[in-house]
Amino acid sequence: MRVILSARPRKNPFIPVEAEGIVPARFLQPAEGIMVAVGNRIRPLTDVFEVTIEGIATDAAGVEVVLRGDTSRVKRVGEYMEAGKIRVEGDIGMHCGNFMSGGEIEILGSADGWLGREMRGGRILCHGNASHYCGSGYRGEKHGMRGGYLEVKGDAGDFTAEYLAGGEVIIHGNCGDMPGVEMKAGTLTIMGSCSRPCGNMTGGTCTILGTVAGMLPTFRKAGTAMREAGGILLTRFEGDVANRGKGTLFIRDW
Amino acid sequence: MIVRDVICPFCACLCDDLDVHVEEGKVTAVDNACDLGSHKFLTDHRMKGPVRRTASGWQEITLEEAICETAELLMAAERPLLYGWSGTCGEAQSAGVHLAELVGGVIDATTSVCHGPSILAIQEVGHPGCTLGQVKNRANVVVYWGCNPMHAHPRHLSRYTTYADGFFVRNAFKERKVIVADVRGTDSTNVADEFIRLQPGGDYAVLGALRAIVRGKGDVVPEEVAGVSREQLFRIAEICKKARYGAFFFGMGLTQTAGKYKNVRNAIELVDELSRHTKWTLTPMRGHFNVYGFNEVCTWMTGYPYAVDFSRGMAFYNPGETTAVDILARKECDMCLVVASDPAAHFPAEAVEHFSSIPVVQLDPFPNLTTAFSRIQIPVAVSGIDAEGTAYRMDGVPLRLRKVVDRGYPEDAMILSAITRRIADGGGP
Amino acid sequence: MTRLLIKNAYVIDPLNGIRGEVMDIAVKDGWIVESVDDGAEVIDAGGCLTLPGGIDSHTHICGTKVNFGRYMMPEDMRAGRTQRRGVMHSTSGYSVPTTYGNSYRYSAMGYTSVLEGAMAPLEARHTHEEFAATPLQDTMANTLFDGNWMVMEAVRDRDVKRAAAIVAWTLAAVKGFAIKLTNPGGSECWGWGKNVKCIHETVPYFEVSPAEIIETLIRANELLRLPHSVHLHCNNLGVPGNYQCTIGSMDLAPDLNPERQSLYLTHVQFHAYGGISWKDICSKAEPVAYAVNRKPQVTIDMGQMMFGKTTTMTADGPMEFNLYRLHHNKWSNHDVELETTSGIIPVYYSKTSVVNCVMWAIGLELALLVANPWQCLLATDNPNGGPFIKYPEIIALLMSRRYREEELRTLAPEALSRITLPSLDRELDWHDIAVMTRAGQARALGIRSIGKGHLAPGAEADIAIYPIRVDETDPSRQYRDVIRAFQKTSWTIKRGRPVARDGEILVEGTNKTVWVKPKVPDQYDMGKDPEFARNFDRYYTVRMSNYPVQELYLQRSLCMESEAQL
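If you read the protein sequences in the order shown, they are chains A, B and C.
Going left to right, the first sequence walks through residues 1 to 254 as the working numbering numbers them.
Going left to right, the second sequence walks through residues 1 to 429 as the working numbering numbers them.
Going left to right, the third sequence walks through residues 1 to 566 as the working numbering numbers them.
So that you can see chain A by itself, here it is in the shape it has in the complex (with noise of 0.2 Å):
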C-alpha cells in the first residue's frame, strides 16, 4: 500500500502541527479518523493533508508512506512506528522518528530538531541536514536512544546523539557543539569535524574522521589504529575520565 500526504497549502505555515497519527500501521485502517494538531486546534488528517491511498496491505510492513510539499513544520511523523516505510520528499519537523523501534524513515531534505529521538530500532536516513538533538534522549531520562540506525548526510547540529546508549549514528558531514556527550554505548561516526566530542562519555565508540576543535583535556591518549575505510590513521582516546568513563573516541585530527 502506498499512501501519498501531499501538504496542503495553509494561511499560517508556521504553525506547528503534530501529526503522531502518521505511522505505517495506522494507515491499516480508513484514514477518515486520524486527527492532527494545528496548534490547538484539533483537525482530521484531510484537512492538512491530501490523502491518496494506493493499493492494499495486510499488515504495517507493506504499507509506504510519502510525504510531499511543504512539511517542516509537521511534528512527530513516525512516532512508535514499528514496521513500515515513510517517505519524505521534503523537509520533516521535530521529533521524526520518536521511539521508533521498526520500519524506515527516509528523509530527502533536511530534519529539525530530535530525530530519532529515543529510538529502539529501525532505520532512519536523512539525505539532508539535521539539527540539534539528532539521535538523542529526553530531558532528564538517563538513556537516549538505545538502538536503531540513524544516518545524515549533510550535517547535524549540537548535541548530536547524547545520552546515546545503543544503536548506530553516522553523520557523513559536520556536527556542531557537543556530539556524543553523555553517551554510554552505541557507535557514533562523524565524517566531518565537530567541537568538543564526547563530554563525559562512560562508553561506547565515537569516531571521528574530519577535525575536532576544543579537544577536552580530560580523555586519556592510548595508541592509535588504522581505519579500514580510507585507510586513516586515528589516534584513539580514551575517557571521559572526569567521570569514571571506559568510552572510546578515534579522532583523525584535533
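Calculated directly from the structure, the hints in this document are not laboratory data.
Among these hints, one or two may not hold up.
Unchecked claim - Part of the chain B face toward chain A, derived, beta carbon under 7 Å: (1) T62; (2) G218; (3) V220; (4) V221; (5) P222; (6) R312.
Virtual Cβ for every residue (Gly too), placed ideally from N, Cα, C.
Chain A is already provided as a structure; the job is to place chains B and C on it using the hints.
Structure of chains B and C alone, referenced to chain A:
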C-alpha cells in the same frame, strides 16, 4: 512613616531588611537597599491607564475593555504565547498557568534566556543545594563562577558570603576565602583571593579538569586548560578539597556560553565530587526577584519549571521547542501576552521581529521597548511596592512581599483571573 | 444547606465499634447527622463497603523538597500525564505527581485527609501554597525540628519548657501540625557533611544526642498537649543492622498519653534491617514488631516498599547522599539554615535485587506481626517506598496469603532465607484494613476530636464508598477484586459533597488546613524573647517579622488550640 523589614522586589537576593519611608502615599526614601533596589522604589514614570494602539495613535481604554479584548485575542489564537512572569508575584504566576492551560497556549518565563540551562543541568544530575544562611553560617570557601555579584547582586557578599559573619564564621572577611572565575577582570574579581581567568568558552574544559584532579586523575590534565595553568588548577582543587564548607555560586558565564547546560552540569558534578571529601553546596545566582517563584509555581501545577506547551490539553516540556525565543524566531506564535517582563529589550532580533506581525498584549506598569510592539498595554501594581504577594528567593526561601503604598492600580492576578473567567464563562476557546 | 442521604451502606466504623452493618448515613451541611428530610439528595451505596474517608498519616506531596523532586524529574512527569477535562486540570507525574495529580488520585482512592510528612519551618509558606493547590484533601504538616538550633540549645540546657515554648511559637507561626524529627541530630551534622551513627552519639558544637532530642521533645509535646505525638524518622535509615537503633528509639518513649501513642515511628520498614552489610541484610521485623507489641505507647506505620520506579525524598540528607554514592543517580540536596535538611534521588526497586526483596517482605511482616492494627498503619512513605497509588495492592497482600505466595514465587530466591514472610499465615480482615487506613490514623493524629476518621453523627462527612460487596467477597481468594475496589471509589464524599465518582473528579474543591496553636504563659512566649529574636538578627537570613506564614495562605483554616502546661 517608616515601613520596616520590607522585601526588595528587584533581584533574587530578596533582601528583607529594607526600611521604606512613606510620606503622603509616596515612597520618599529607602534604607539598607542597594542602588538597584532603591531605584525601583524611588523612580516612577508609570502609565496612567490601559491603552490600545490604533492607526491614529494610543487610545485610552477601560480596564474592562482591555480584559475583553485580550480574552478574545487569546481565544482566537492557535498558538498563543504567555511570556514573562519573573517580575510579578506567585499568585499572578499561578493565574497565568491556569490561563495558559485554558487557552491551550505555551507559557514560558525569563528563565529560558537566563538560568534555564541551570534547570536543564539539574534535570540531568540534580541540585546539591542549601538555603543562603547555611553559607553565611558555615562556608569558609566561596566560589563565584561566571558572575559579577558586585554589580548584579550588590548585597550578596555582605548578606550571605564574603562579608557576612555567621555562627561558625565569626570574622568572615578574614576566615572566608573567595575564588572568582571569569573571562575578564571585574569588581568581583578584584575582591577575590584567587582569580581564575579563563578563556571565553573554556568553562566546561576547566571544570572537567578540576573534576579529574579531585578524582585523583590529575595526571591526564595538560599544562594549560583554556588559559588556566595546571598549577593553578591543582591549587584550586586543593583549596576546594580542604574547605570545611564550600559554596559555589554561578551565573550567565556558565549558562549563556557555549555548552550552556553542560557547563552547569559540569559544575554540579564537580560539587558532587567534592562532596565525597567535604561539604559543598551549589546555588544559581537567579536574577529577577521572583523568577524562581515562577519555576516553583509552574512545577507544582504542571510538573515542569518553564516552557510548558498546553496545546494538546496537557503539559509538554521541551526547551528548544517550547521556549519563547524559539517559538518567536520560528514565527510559530500568533499572539503573545507579556506579563512582568520586557522581551523586546532582551530577546534576539529575529525573535523580536515577529512581535510586529502578531497582536501583543502587555501587563506592565511602565512604557518599555515591548510597548512599541504592543496592541494593548495595561499598567498594573508593582509587586512588593503597591501589591502584596509571594516571591521565592534564589535559594527557594518563600517570602511575602509587602504593599507599602496604594497607587490604585489593578493587580496582575486579578486581571489574569478576569481574563480566564471571561474565556471560561464564554464557553471556552 | 446541602443534604445528602447515603442508603444501604455497608459500614465499617472502627472508632464507633461498627464492624460491618448495613445502614443509612445522613449528611447535612458537611456533617454527619442523625437524619435528614426527604429533600436530600440520595446516593444508593448498594450494600457496598462504606468507610470514613481515607487518612494518610505520612506522605510527601507538598513543599520544597517535593517540588525539587518534580522539576528534577521531567521523565517522571511525562510518565503520568492526563488531559484537562471538565473541572479537572491537566496533571503530570508518576511517582511525584503535580499537586492536582496527587489530589485527584488520592480522591479517586477515597482519601480525604493527608499529613504532609515533612515541612521545614523556614519554607512553610511553600508547603501551604501547595496545600492550596491540593484542593480535595484536608491537610496537615509535620514540622521539622530535628536540626533546630534553638531547640538543641534548650535540650543541651535540659530545659524542656523552653524547648516546648520554641515548638509552640514555631508551630503557630508557620501553621504546622506536629513535631517531626527526621534523623534527629544528623541534620546538623550534615551541615558539615557528616552524620550520627547512633542515638547516643553527640552532635558537634551543640553537644546533644539524638536520644536527648527525642526524649525532650516527647515531653515537650505532651506539655503542649498537641493532638499528635512526636513523629519520628529514626536515625540510621536504610543501614543494615539498624533495627537495634529503632528498638532503642522506641525504648525512649514513656507512656504519657492515654488517648494515643506518645511516639509515632514512621516508615519502620526502612528501620528494621539486620545483618551488617548489603550482602547479609535480613529482616528484623520480628523483634521490631514484638517491641511494638509490648509498648502501647508506640504506633508505627509500615513504610511498605513496592517494586518499580519511584523517587526517594526525605529530610534525611546524609542518607540520600549515601544512596547517591550507591546508585550514582541524579541527587539533590537542600539544607535549611538553623533547621533541617533534605535529599532526593530516584530509585528503582527490583525483584532481582535480594536487598529489595527483603525490604518488600519487611513492611508486610511488620503489619502481620504487630498484633494490634491500631499500632501499625498502612503507608509507603509516599513516594519513598512507592507511590500511594499502590496502597490497594498492599491491602490485598495483607488480606490474602495466596497473593503473597504468588508474589514470593517471583522474588530473588536468595531472599527467601532472609525473611519470615513465607511462614506468616495471618490475613488481615476488612476491619483491620479500615483501622490501618483511616481510623487508626485519626486516633494517632488526634483528629477524631475534629470529626475525622469515623461516621457517627458529629463526624465530618468525609465518606468513601468502595465498589465491593463484603458479603460476596472472599478477600483471601479474590484479591484482584480487592485491589480494583480500593483503586477507585464509586463515590468519594468530602465535607458532605460528592467530589469523585468512579474516578472522575466533580468539583474544584477548597480544602482545610489543620494547624495547632498551644497557648503558653507570657514568659514562654518566644515572640517576646530577646534571645530567640537574636537568632533572626544574627544567623537566619530572614527577618523574624517576615518568617511567620500569614493565615491567608490557608484556603480554610482550622486551628486546634491547646493550653500548654508550662
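Answer holds if the nearest beta-carbon of chain A is closer than 7 Å to that of V220 (chain B); otherwise answer violated. holds, 5 Å
Against chain A, is P222 (chain B) within 7 Å by beta-carbon distance? holds, 5 Å
Does the closest beta carbon of chain A sit nearer than 7 Å to the beta carbon of V221 (chain B)? holds, 6 Å
Once the shortest beta carbon distance from T62 (chain B) to chain A is found, is it less than 7 Å? Violated, about 29 Å.
Hold the hint about R312 (chain B) up to the distance rule: shortest CB distance to chain A must be less than 7 Å. holds, 6 Å
Does G218 (chain B) pass the interface hint, meaning its C-beta sits closer than 7 Å to a C-beta of chain A? Violated: closest Cβ of chain A sits about 9 Å from G218 (chain B), beyond 7 Å.
Of the numbered hints listed earlier, those contradicted by the structure are 1 and 2.
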